[in-house]
Amino acid sequence: MSSDQVATGVINLSEGDSSLVNEIKELGGEELMECIQCAKCAAACPMVLAGFPFFNKRIIQAIFLGLRDALLDDSSIWACQSCNRCTEVCPREVNPFEIIQAMRRVAIREFALPTLSIEGLKSLYDTGHAVYLAGAGNTRAKVGLPEKPPSTVANPEALKELQAVIRKTALADLGIIPMDESGVKETCEV
Amino acid sequence: MKVGFFVGCNTAFNRPDLEQAVRYAFPALGIELDDLEGQSCCPSWGTMPSVDVVGWCAVGARNHTIAEEKGLDIVTVCGSCYGSLAESKYKMDTHPEIKAQVNEILKDIGREYKGTSNVRLAFYYLYHELGPDRIKEAVKYKLDGLTVALQPGCHTLWPSKVYYDKEEDPFHPRVLKEMCEALGATVGHYTRLIDCCGMGAMRSTDMEKSLKLVEKKLISMKNEVNPDLIVTGCSSCLIQFDTAQELLRSGKKINFEIPVLHIMQVLALCLGADPEKVTGLAKTDVSRVVNRILEG
Ligand code: SF4
Ligand code: SF4
Numbered sequence: 001m002s003s004d005q006v007a008t009g010v011i012n013l014s015e016g017d018s019s020l021v022n023e024i025k026e027l028g029g030e031e032l033m034e035c036i037q038c039a040k041c042a043a044a045c046p047m048v049l050a051g052f053p054f055f056n057k058r059i060i061q062a063i064f065l066g067l068r069d070a071l072l073d074d075s076s077i078w079a080c081q082s083c084n085r086c087t088e089v090c091p092r093e094v095n096p097f098e099i100i101q102a103m104r105r106v107a108i109r110e111f112a113l114p115t116l117s118i119e120g121l122k123s124l125y126d127t128g129h130a131v132y133l134a135g136a137g138n139t140r141a142k143v144g145l146p147e148k149p150p151s152t153v154a155n156p157e158a159l160k161e162l163q164a165v166i167r168k169t170a171l172a173d174l175g176i177i178p179m180d181e182s183g184v185k186e187t188c189e190v
Numbered sequence: 001m002k003v004g005f006f007v008g009c010n011t012a013f014n015r016p017d018l019e020q021a022v023r024y025a026f027p028a029l030g031i032e033l034d035d036l037e038g039q040s041c042c043p044s045w046g047t048m049p050s051v052d053v054v055g056w057c058a059v060g061a062r063n064h065t066i067a068e069e070k071g072l073d074i075v076t077v078c079g080s081c082y083g084s085l086a087e088s089k090y091k092m093d094t095h096p097e098i099k100a101q102v103n104e105i106l107k108d109i110g111r112e113y114k115g116t117s118n119v120r121l122a123f124y125y126l127y128h129e130l131g132p133d134r135i136k137e138a139v140k141y142k143l144d145g146l147t148v149a150l151q152p153g154c155h156t157l158w159p160s161k162v163y164y165d166k167e168e169d170p171f172h173p174r175v176l177k178e179m180c181e182a183l184g185a186t187v188g189h190y191t192r193l194i195d196c197c198g199m200g201a202m203r204s205t206d207m208e209k210s211l212k213l214v215e216k217k218l219i220s221m222k223n224e225v226n227p228d229l230i231v232t233g234c235s236s237c238l239i240q241f242d243t244a245q246e247l248l249r250s251g252k253k254i255n256f257e258i259p260v261l262h263i264m265q266v267l268a269l270c271l272g273a274d275p276e277k278v279t280g281l282a283k284t285d286v287s288r289v290v291n292r293i294l295e296g
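In order, the protein sequence lines correspond to chains S and B.
First residue of the first sequence? That's 1 in full-length UniProt numbering, and the numbers climb one at a time after it.
First residue of the second sequence? That's 1 in full-length UniProt numbering, and the numbers climb one at a time after it.
Okay, chain S solo, but in the shape it has when bound (with noise of 0.2 Å):
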């Protein structure tokens, strides 16, 4: 079922895929079947006002409806700022940012995430940030600040231990990223 589809109110429920509940609560929102769908999340969403098709709330039910592919081929799930709105407003403590984040790992698990998020994951392994500009010592010598800064990318011991951490976690098993070359980019801004 396309994201169009789903826009247009043509929902075919036999094809919903019902294990999706169970994988979403068992990747953090456990909270999930709390939802009574009332809204208040979607009140207080940007994501509502910039315009984005799916929000806290419509992926609830798309979720509660077993629309993965629908939520699979749009990229709103990305679009979420993480502002943590919908969990202050919540009622129920569904704690909707973190049903959004389990989406994003349902996601993630079918490799269905944006080429950002795995550069991201690739400059976090390769220099500590996720966010690298290898020209910033320019700018930092401008303002009067040495080359680096005092985190991993100056200190080849503390980026060693970084990798050990992450080589130890599911983005090791999944996958996603190559961990034994390095492939440090110029930018990366996530």
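Hints are all accurate, no fakes.
Derived, one-sided and incomplete: chain S residues facing chain B with beta-carbon distance under 8 Å:
(1) G51
(2) W78
(3) Q81
(4) R104
(5) G120
(6) A130
(7) V131
(8) L145
(9) P149
(10) P150
(11) S151
(12) T152
(13) A158
(14) K168
In silico DSS-like links for lysine-lysine, alpha-carbon gap of 27 Å or less:
(15) S/K40 to B/K166
(16) B/K277 to S/K142
(17) B/K142 to B/K222
(18) B/K99 to B/K114
(19) B/K114 to B/K161
(20) B/K253 to B/K216
(21) S/K142 to B/K283
(22) B/K277 to B/K140
(23) B/K70 to S/K160
(24) B/K166 to B/K177
(25) B/K283 to S/K148
(26) B/K142 to B/K277
(27) S/K40 to B/K216
(28) S/K148 to B/K70
(29) S/K40 to B/K161
(30) B/K253 to B/K222
(31) B/K177 to B/K277
(32) B/K99 to S/K25
(33) B/K277 to S/K148
(34) B/K107 to S/K160
(35) S/K40 to S/K25
(36) S/K25 to B/K161
(37) B/K222 to B/K252
(38) B/K114 to S/K160
(39) B/K140 to S/K142
(40) B/K99 to B/K70
Simulated from the structure, these hints should not be mistaken for laboratory data.
A quick note: this is a predicted structure, and the numbers were derived from the prediction, not measured.
We put the beta carbon where it would ideally sit given N, CA and C, even for glycine.
For chain S, the structure is supplied; the task is to place chain B with the ligands on it using the hints.
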């Protein structure tokens, strides 16, 4: 007093003038900064948190343990770092099973997450530890005669349950306002005060939609406050407001420019910092407002 400075990515690589502002203002107010040597990315939302809860917490926890070993709280000027570090801490502190899995991972690098350091946002830290009156006494220059519009930033406010420093009512935030008023500014209220600026994941996903949000905010600020300066509480909001105005002007969406600074840059200026070092990378023209501050 001493705190751990978590510099994060955007501040270190994109706006190191903001980093300089923190490095100037904290010591000038009698607070020593420790660099938390070897820190990494928080990590931010589109990366580890989008893959897996335990992995996110493990990368965050490594940062937490650097501060814990030194017995320091973590201070940051970036909303994403603040949000991610505070949320990973909250998850580990309230879910023993997550903490146990994280510590299993950290064992290999000889670290253990205990949960003893708090995560603080720089201006909340100063507000709570020193208070606006002591800050007022310490400054050389003031914002007298300047009207400002505020951009507190989403992650300074929500979800309030994960933060050490809270607003009494996050939908009517007061801390940034009181800080600016203590420095002498007139703070104007505008309808879209707590709206999101559109930076971050939204901007990476759809630039046009992201710009729509910042445009709505700018027009609300201009019409209702007509400010001399926008003051942000978050480095991401700083970057969005500072860079989006030119795009919106060339797209004929707005026909004005409002200078933008982070509250720590404003504070550093008021304490006597070199404007080139602490505001030198601004894209909006801040020279007039900086001169007005320095001329009193
Ligand atoms: S997530 Fe919460 S606020 Fe949103 S619709 Fe469900 S119950 Fe209402
Ligand atoms: S966290 Fe995401 S879903 Fe929740 S209000 Fe913010 S943008 Fe909307």
